[in-house]
Structure formats: C-alpha cells, structure tokens
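Novice: Chains as they are written, first to last, in the numbering used here: chain A, 1 to 158; chain B, 1 to 815.
Since the hints were made in silico from the structure, they are not lab data. Built from N, CA and C at the ideal position, the CB exists for glycine as well. Worth double-checking, as some hints may not be accurate.
Covered stretches of chain B, going by a simulated chain A footprint (3 or more residues, C-beta under 8 Å) [what the hints assert, rightly or not]: (1) 289–302; (2) 625–636; (3) 642–656.
Taking lysine-lysine and the DSS-like style, the derived pairs with C-alpha atoms no more than 27 Å apart in a straight line are [as the list claims (entries may be wrong)]: (4) A:Lys45 x B:Lys366; (5) B:Lys358 x A:Lys158; (6) A:Lys97 x B:Lys190; (7) B:Lys802 x B:Lys190.
Here are a few chain A residues that sit away from chain B, every Cβ distance over 12 Å (derived from the structure) [said to hold, decoys possible]: (8) Gly41; (9) Ser70; (10) Asn156.
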Amino acid sequence: MTKKSIFPSLVVLLSATVLLSSCKKESADTEYPVIDVDYPGSFPKNCVDVSRGGSFTSTIRVHDNVELGSMSVEIHENFDHHTHSTDVESCPEVPAKIPVNPFSAIVEFPLPAGQSSYTSVKDINIPAGVDTGRYHFIIRLTDQAGWQTIKGIEINIK
Amino acid sequence: MLLQKIMCKFKLCAVITVLLQLHCVAVYAQTSSLSIRLFNQSDELITGGTITLSADSRRYPATEKTPGTYQIDSIRAGVYTLEAAAFRYQSKTASIKIDEGANTVLLHLSVGYNTLENVVVTGYSSNSKIRASNLSMHIVGETELRKNMGGSLVQTLSKIPGIEMMGIGAAQAKPTIRGLGFDRMLVIDKGIKHEAQQWGADHGLEIDQFSVNEVEIIKGPASFLYGAGAIGGVLKINPALKPQKNSFGGSLQLIGKTSNMLGGLAGNLYTRNDKWFFTTGFSYQDYADYKVPADSIFVYDYAVKLHNRNLRNTAGVQSGLNASAGFVGEKWQNTLYVSNVFSRSGLFANAHGLEPKKVNHLLYDKSSRDIMEPSDQVNHFKVINYTAIATRQHAISLAVGYQNNFRQEFSKYVAHGYMPATYPSNNGIPQNLEREYSKQVFSFQLNDEFKAFTHNLTMGASGEIQLNKVDGWSFLTPAFKQYTAGIFVYDKITINSKLSLHLAARTDFSYININAYRDWFYSRLPNGTQEQLERASALKRNFSSLTGSAGITYNLRQWWFKVNVGKSFRVPIAKELAANGVNYHYFSFEKGNPNLDAEESWQLDASASFKNENWYLEISPFINYFPNYIYLNPTARHDYFYGAGNQIFQYSQSKVFRAGGEMEANYRISRSLSTGISGEYLYAQQLSGDKAGYGLPSCPPHSATFSFTFEPQQMKHFSAPYISADAQFVAPQNRIVPPEKQSAGYMLMNLQAGSQFHVGKQTFDLNMQIRNLFNTSYLMHTSFYRLIGLPEEGVNFILSFKTNFNISKSKKHND
Numbered sequence: 001m002t003k004k005s006i007f008p009s010l011v012v013l014l015s016a017t018v019l020l021s022s023c024k025k026e027s028a029d030t031e032y033p034v035i036d037v038d039y040p041g042s043f044p045k046n047c048v049d050v051s052r053g054g055s056f057t058s059t060i061r062v063h064d065n066v067e068l069g070s071m072s073v074e075i076h077e078n079f080d081h082h083t084h085s086t087d088v089e090s091c092p093e094v095p096a097k098i099p100v101n102p103f104s105a106i107v108e109f110p111l112p113a114g115q116s117s118y119t120s121v122k123d124i125n126i127p128a129g130v131d132t133g134r135y136h137f138i139i140r141l142t143d144q145a146g147w148q149t150i151k152g153i154e155i156n157i158k
Numbered sequence: 001m002l003l004q005k006i007m008c009k010f011k012l013c014a015v016i017t018v019l020l021q022l023h024c025v026a027v028y029a030q031t032s033s034l035s036i037r038l039f040n041q042s043d044e045l046i047t048g049g050t051i052t053l054s055a056d057s058r059r060y061p062a063t064e065k066t067p068g069t070y071q072i073d074s075i076r077a078g079v080y081t082l083e084a085a086a087f088r089y090q091s092k093t094a095s096i097k098i099d100e101g102a103n104t105v106l107l108h109l110s111v112g113y114n115t116l117e118n119v120v121v122t123g124y125s126s127n128s129k130i131r132a133s134n135l136s137m138h139i140v141g142e143t144e145l146r147k148n149m150g151g152s153l154v155q156t157l158s159k160i161p162g163i164e165m166m167g168i169g170a171a172q173a174k175p176t177i178r179g180l181g182f183d184r185m186l187v188i189d190k191g192i193k194h195e196a197q198q199w200g201a202d203h204g205l206e207i208d209q210f211s212v213n214e215v216e217i218i219k220g221p222a223s224f225l226y227g228a229g230a231i232g233g234v235l236k237i238n239p240a241l242k243p244q245k246n247s248f249g250g251s252l253q254l255i256g257k258t259s260n261m262l263g264g265l266a267g268n269l270y271t272r273n274d275k276w277f278f279t280t281g282f283s284y285q286d287y288a289d290y291k292v293p294a295d296s297i298f299v300y301d302y303a304v305k306l307h308n309r310n311l312r313n314t315a316g317v318q319s320g321l322n323a324s325a326g327f328v329g330e331k332w333q334n335t336l337y338v339s340n341v342f343s344r345s346g347l348f349a350n351a352h353g354l355e356p357k358k359v360n361h362l363l364y365d366k367s368s369r370d371i372m373e374p375s376d377q378v379n380h381f382k383v384i385n386y387t388a389i390a391t392r393q394h395a396i397s398l399a400v401g402y403q404n405n406f407r408q409e410f411s412k413y414v415a416h417g418y419m420p421a422t423y424p425s426n427n428g429i430p431q432n433l434e435r436e437y438s439k440q441v442f443s444f445q446l447n448d449e450f451k452a453f454t455h456n457l458t459m460g461a462s463g464e465i466q467l468n469k470v471d472g473w474s475f476l477t478p479a480f481k482q483y484t485a486g487i488f489v490y491d492k493i494t495i496n497s498k499l500s501l502h503l504a505a506r507t508d509f510s511y512i513n514i515n516a517y518r519d520w521f522y523s524r525l526p527n528g529t530q531e532q533l534e535r536a537s538a539l540k541r542n543f544s545s546l547t548g549s550a551g552i553t554y555n556l557r558q559w560w561f562k563v564n565v566g567k568s569f570r571v572p573i574a575k576e577l578a579a580n581g582v583n584y585h586y587f588s589f590e591k592g593n594p595n596l597d598a599e600e601s602w603q604l605d606a607s608a609s610f611k612n613e614n615w616y617l618e619i620s621p622f623i624n625y626f627p628n629y630i631y632l633n634p635t636a637r638h639d640y641f642y643g644a645g646n647q648i649f650q651y652s653q654s655k656v657f658r659a660g661g662e663m664e665a666n667y668r669i670s671r672s673l674s675t676g677i678s679g680e681y682l683y684a685q686q687l688s689g690d691k692a693g694y695g696l697p698s699c700p701p702h703s704a705t706f707s708f709t710f711e712p713q714q715m716k717h718f719s720a721p722y723i724s725a726d727a728q729f730v731a732p733q734n735r736i737v738p739p740e741k742q743s744a745g746y747m748l749m750n751l752q753a754g755s756q757f758h759v760g761k762q763t764f765d766l767n768m769q770i771r772n773l774f775n776t777s778y779l780m781h782t783s784f785y786r787l788i789g790l791p792e793e794g795v796n797f798i799l800s801f802k803t804n805f806n807i808s809k810s811k812k813h814n815d
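Model the full structure from these sequences, guided by the hints.
Specialist: This is the structure:
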C-alpha cells in the first residue's frame, strides 16, 4: 500500500467502525416499564378531587416488556406548587398556602412476581383533619432489570 | 552574540555556528568525546532530550549520563552535524567541530513547538518524553489550549481522542479518560493530587483554565506512579516555565462567548533577577444562562417554555488568583505556589435531578445573568511547595501541599418522605443550604530519579491526610477522615538505543474512618414510633494494595511502539461504603456496602506511532478487566423504611470487561495545508452480578473527527496565522444501564481561526472559534443534564485576545 492510499483507507475503516458498532444487536433489556394512567378505569387522574375523612380506590395499570419489579406511591402536599406533575396538562391555579397539618403517605402497591402486565388496586385512607388543597401523587414503578418510571399526578383533597 | 564569541574564544572551544546559541567549553585530553549540557532559557537543565551527532551518514546518539548531561564517547575529531531536540523546545541543528580529547558544550534551547506539531491539538507526539513513556500520552501546550479554549479546561481537552467531558452546563465539566471518570482517574497539579468532590456528577473540576500552561494526559493504568485512583489515567497540570533571568513581563487576556454571553479577563505578571523570581495571575469570568436550540424543554411530558431559548438559571461567575515565588540555584530550586479558585453557578431551575420543578418564571426570567436557586458555590484554596534538587547522580523532587475545598449547594427546602412539611426554624442548618462539603487535604510526594548503568530508577513515596465534613438538610455522603501512604519503584532499563524495558511495583496503604450520621427529622417506623434514622454507621476500614506495571518501548527513527500491562486500584469512597440515604432528586435510595474491597483493574495497552515530515499516525488499543468494579446497582425493589418508598440502589462489585482504543492520522498536504482524522472506540460489559450483559454508566459513544487546517505563509505583520475546520461524528449510544437513556448520534461542525500580529515591538494573539456552527440540537450522553433531556449549547462564537509584554534587563541569550 502506498502512503497516499493510507489516509483514505483509514477514513473508510474508521467510518465503518463507527457506523457498524451502532448496529450491534442488544441482548440486555433497555426498555422502561410503563405506567398507564390514561385508560378509562385508572384512578386517580390528573387534577382529580378526592375527599378527606374517607378513602379512595387507586387503580393503576402497569406493564413491562420483560417482567415487572415493584411499585410505590408517595403522596405529599404541593401547596406552594414547588413541583410540577409529569403530565402535559397543568391543573387550574389555586393560591399558595402554608401547610399546618398536611397529609403524607408512602404506600406499597403489591405486584405479584413473574408478571409483565398487572393492574394494581389499593384503597388509600385520608384522615379527616388533614389540610385540604393540592397534593402530589407520585407513582414509582420498576422492572426486574432496575429501570424505573416515574409518574406524577396532581390531586386535590377537599 | 558578541558575548558568546568572547566566551568561546576565551575558553578555546570548538567552533560552533551562530545558529546554535552555544556556550562552550573544551578541555584537552587524550580521547575524543563530547559532553553536552542542555539548558533552557531559564538556565534549568533539560532532561529527556535527544541529541545526535552525525557525519557521512553515520549517526552517534548521545546517552543522558546524569539528568541534563548527555555524553557521546569514542568519536574521532572532525566536523559533525549536531541535532538537539527536547520536548517543549524548538529543535536545533548545527555543525560542530570536535577537537581531540574531551569536548564540553553548553547548549541552550528556546521554548516552542515545531510547526507540524501544531497542526492538531494532540500532535506533539514526536517528542522524546512521549516516546520514552510506556503508556499512551498526550501533551497540550499553552498555544493549543488558547486556540481551542472552551467553556472549561475539560471541554478544551475533550478534542483529544480518548478524553471525554461530562458537562454540567456550559462552563463546568469533569473529565473522563476512556470512559473512566469520577474517582477512577487522577488530576495532578504541580506534583500534588488535586482533591475536590470528584465523586459528584454535578461537580466540576475546579481548576482555573487561564492558569494552566500545559496539560499532560496519561491514558492507561498509572497507579504505579500516582497511587490509588489512577485506573483510567492521569491528567497532569504542569506549572509554567520559570521566567528568564533578569526579566520582567506579563500578559493580558480577554475572552468573550456568545452562547452564554460570557465575558472574561485574565492577566499575569512575572519578574526574576538572577536567582529569585515571582509570578502572579488572576482571572475573572461572568456568564449568563446559556442558549440552546429549542424553545421548550420536556421534563417528562411537562413542557417547560424557555425565555429567549435560555436555559433558565444556568448563569455563573468564576474567578482565580494565583502567585508563585521561588529560587533557582545551581543544585536546587524551590517554588511556593498559592492559588484560589472560586465559582458560583446556577443549575437549571425547572428540574432538580429527575424532579420537575415549578418556579416563578417571571422572577427567574427577569435577568439572564442572576444566579437563583438551585445553585452551588465552590472555593478551592491550595498551597504547594515544590523543591527540586539535582546532584551529579540524582534528581530529587519533593512536593508538599495543603488544599481546602469548600462546596455549598443551595436549594429551596422541599419536604420529601418523612421530612416535615415546613422547615423547622430552630434546626440550626440554614433553610436554603441543601448540602455542604468541606475538605482539607495535606499531602506530599517525594521522588528520586537516578541512573545506574543501564537502569533509570525512580523511587518515590507519597502520603495524604484528608479531613471531610458535611452539612445541610439533605444527606448523600457522611463525614470521614482518610489517611493514605504509598511507596514505589520504577525502573526503566535501556536494553539498546531502540529498546527499553519498564518495570514498576508499588504498595499502598489506606485507612478510612467514617462518622455516623443521623437524620435531623423523625421517620415513622413500621411499629408506629418515630425515630431519627441513622443514615451512616460509624465505620473504620483498612485497605492495602500491591500494584505494578511492565512494559516495553521500541523506538525507531520514524516508528515507535509501546506495550504495557499494568494493575491499578482505587479505595472505595465513603459514600460507597457507608451511605444509607435517599437522593430525592433521583428518587433513589443509595445503600452503601461496608464490605467492599479495594477496586482492582488489569489493563493491557499497546500503541504504534509513525511520524515523518508529512505524516503522523497513531493507533492505541487497550483491553481492561476489573475483577471487582464498584457499581451502584439499581435494583427492582423499593424500600419503605430507610428508603421512604424509593428504589433501592445498592453498591455492589462485579466483573467488568472493557476494550477500545483511539486512532489518529494527520497528513500535511502542502506547506500550508494539512488534514487529520481521529477516532475513539469504547466497549464495556459487566460480566457478573445483577447487571451481567449490560455496559457501564456514562460510557462515551464512539466518535470520529475530521479536520482541515490552512496555515498560510508568514505575512508582513502576521505570524502563525491559521484557519481550521473540523467535523465531529458521534455515534448513538444504545448500550445503557439503568437509570440511563439511549442517546441519538449527531454531527457537529467547528471552525477556528487566528493569528499572532505585531505592532511595533508588541505582539498580540487573536483567536476565534465558532462551535456548533449549524446550531445543532443534540444530547451529549455523558452530560449531567442528559437524564432530563436538556440539549447542549447551540452555536457559539468565541473570541479571545492576548497580549504579552516582556522587558529583559539583559539580552544575553537573544542578541
């Protein structure tokens, strides 16, 4: 090979390496699990009202391409609107306020082993004396590979 | 020159051409030999140079007998051509008359790089220092740093194949070498380990890039020289050369960037009489929110509108101050360096970690230059004393350092998990102080280099004491003390003029004492009671390690080859051993593992390089195996007690295989036109544990860069003008591990132009760059903001201007 042909050859070789290496087949699971809150039976929906001094039934449908891991829900006040939901839609503005006796909960949603799709149903109690107002309902879902999907929903405790 | 002529005649020396600027002494004796002492303009001996004498196609290479003194024996009297080359200096060629007996020559070289080596940022590879090292190495000088100056030193260096940056916005970044960053590579500043909070993804390097004169990058396992952490390699910041004798001078530099409306000013002053010198410098930069090629950003499905395409609250300020004072003696030199680097910068306001934040846009968008919360502030103060002693046989150096790194992260208090909804007024921690890290480091490094027959031995010892404290209402890593000490021996054996053998062994000892940490708030226990949870247990651990390296270098006239196998290690950090806290920004409950072993790494490196007048080629592959890579494994489980319902991320150790390499080819088409291509490839796979089959986090995608440089001949008032263009092709990164996201490939185009020009006796440097010429919107896989999908900087014009002035009180060397 003459010296003059080295350079173009290197260019071709390198470009081919870069292009081909991105086509390699992947065996490892790289897909995040999915939280489906858009289907008709799901609850709560973004901006929904729930009542204190009672309970509501939370129904969340989840699925994964391989196998689901676990699911947890956290509810905390968002009276000063410090966080936004992960939703496109913003709920109607309400004035900010200071929490006095805010409701908070960390709830385990059961997922049976070996499932790739499941609808988890759980009753959540809201004590009577808690502050009314805007709360965040955050769903955390993992799959067996360790991918976690987060969904934040705004709910209104009345 | 008159002075030289007088000196030459007076001492009856050989006749040497004017070109060489030689001072010479000859002593008559029975046999013919030549001894050359090689100096720079500051009268410091230059080690590692290459000197060759040639006549009638016969070549006589000199061997370096003692540091800076080169010897050629058994030659006949006559006229020869002398070639002297040394890294960082302009090579010289001249004819020399050798008399009967012993001839002694004092030779001065002036600082500078040869033209071809200036073509690309990495192109200094012909020098003897790089050839002599058993590891793949790059050296970037001041001119190249200025021509390519990015938002941070790391961005500037990321042009080098194998060096990637993990960007945190436009003005801060941390380096990775072949995909290894954080605590898996070292930064050495003036002989001392630079210790910041390098474990944090949103923490920058904390080095003032205006004070950096030269950077040496070692790619490969360098623990045998530098101890724990040098697994991926070392980024070595070399101090500026000492001022010339009887000189006074300085420089002033201005820089401006359009993407984040950065304005910067830097300057320095130096003075030296015969033996004493003093230097001082400062820099100040102020920048606004940086521009991205997007009108809105999606944090999950929530569309965040951007005001004027500015990434909200990413403005900042940076400043640096430094001074050095020293003494240059015949046998010993001492320099005291003092420096301080300060930075304050905002973080994107609409997401902290993965958490979407709603902020008052009217307030935040009022000014693009103000820094609101979240923000961080870092101050790094450093004192280093460096002593070098040269005897006939030994070159001894001792660096002793003190560093104080103080970092604060400010964010509005947000209750998570069991934290109280309103911040208690009597808590003792300021309400906006989310985290605070304070680190004090005392360290030393002692090296002794000497020659014995064909052996060039370096023996050394190092030690470090670290005192770490934490504060703030959020907890990530506990306070700890750490003591480390190590000794090493490195032998370079010259088999013949071409082949050298490198052998090294090192042992290190480390002790870590971690303080317990309890939450300041109460968590609800499963039995209904409340408790301040212990987030880190007190822990004391000892680690010891034996590392080593074996390699060969084979140097031919145009080709050189290296093969090296080395073992490196690092000690687990406090967070990896003891953390038991929730990182709410990432919804992760990070569980440390007190039983972790010191991480070990075996690496085989090879490289082949070729250089002639028109070509420079280099290929440097490597394979790497970790028997126990420390990995933060995101599990499938949530924790409802310590983890407050968050996903458990468990520190674990797994077997990891990595392979890859870099290649470079530069070709000079004509006197003024040259072209280059460089590329990097990296593959990583976990072989055991929960994530067997997966790669590693923050793995840089493969990439290739094509460049063209036009350097017209000297014009009347201009010297070294250049125009260059480069196109960088980055492949998609699809090999990811939780919690990463796949990143698409992209192409970036950059332009550079500049020149030095002369007005009277004054010289000015003007450098211009256009980065991301097509305003491409792209996601950099290794960027801190990648997880929330924030694009990198859009088109960016960078203009820098520098002027130097120098008043030499005596023009001994120049006229």
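Novice: Let me make sure I understand: some of the numbered hints might not hold for this structure. Which ones are they, in numerical order?
Specialist: 4, 6, 9
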